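S.K.: Sequence:
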Amino acid sequence: MDTRAELLGLLRENARYSVSDLARLTGRDENEIEEAIATLEQDGVLQGYQAVVDWSQADSEPVRATVELNVALDRETGYDDIAQRIVKFEEVRSLRLVSGDFDFALDVEADSMGAVSRFISEQVAPVPEVTQTVTHYVMESYKENGIEFGDGHDDDRLSVTP
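Residue numbers are given in the UniProt record's numbering: position 18 of the sequence shown equals residue 18, and the series is strictly consecutive.
Be aware that a few hints might be false.
Said to hold, decoys possible - With a cut-off of at most 16 Å between alpha-carbon atoms, the simulated EDC-like pairs for lysine to aspartate or glutamate come out as follows:
hint : residue 1 : residue 2
1    : Lys-88    : Glu-122
2    : Lys-143   : Asp-54
3    : Lys-88    : Glu-109
4    : Lys-143   : Glu-13
5    : Lys-88    : Asp-107
Keep in mind that the hints were calculated from the coordinates and are not lab data.
It should be emphasised that the depicted structure is a prediction, and the values quoted were computed from it without experimental measurement.
The whole structure should be built from the sequences, with the hints applied where relevant.
M.R.: Below, the structure written as structure tokens:
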């Protein structure tokens with residue numbers, strides 16, 4: 001198997017694996033693993049390492065929303081141009097060009113619903129090419145980045161059958 005692909009899969013599974021863990025799991029030398037990770041970072045393949053947070057278990061929870069964006073393009077402005085303006089805002093957690101009924105899927109995060117609403121209405125909607133926004137507030141997260149959330153307890157309700 002390709003070392004790069006194998007390492008990426010393992011790091012997506014658990015970014016806290018040590019070099020020795022990764023060497024043991026791949027059957028490769030620690031120096032080879034260190035070099036491969038350094039190359040992945042230098043090439044821009046690995047952009048960072050992040051924790052997956054179950055905000056419902058944390059002391060405070062940010063307000064998160066997914067926003068559908070429709071845009072109108074012209075000869076001088078393309079999707080990349082619009083994306084480069086929007087990604088610069090700190091409230092933006094992710095921005096994806098998508099197929100379907102809208103052009104971009106925008107994930108935002110702020111301290112309150114008002115802050116999310118103000119961000120969309122004062123920063124995103126006024127972008128000249130943006131023709132429509134539809135905001136969907138996140139009510140509950142059940143899975144993030146491949147990790148399923150739960151209360152850690154099995155369902156202890158009794159099964160009722162007729």
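S.K.: Evaluate each hint against the coordinates.
M.R.: Hints, one by one, checked against the model:
1. Lys-88 to Glu-122: Status holds; Cα separation ~15 Å.
2. Lys-143 to Asp-54: Answer holds: Lys-143 to Asp-54 is near 9 Å, not above 16 Å.
3. Lys-88 to Glu-109: 14 Å, holds
4. Lys-143 to Glu-13: Distance ~14 Å between Lys-143 and Glu-13 Cα, so the pair holds.
5. Lys-88 to Asp-107: 13 Å, holds
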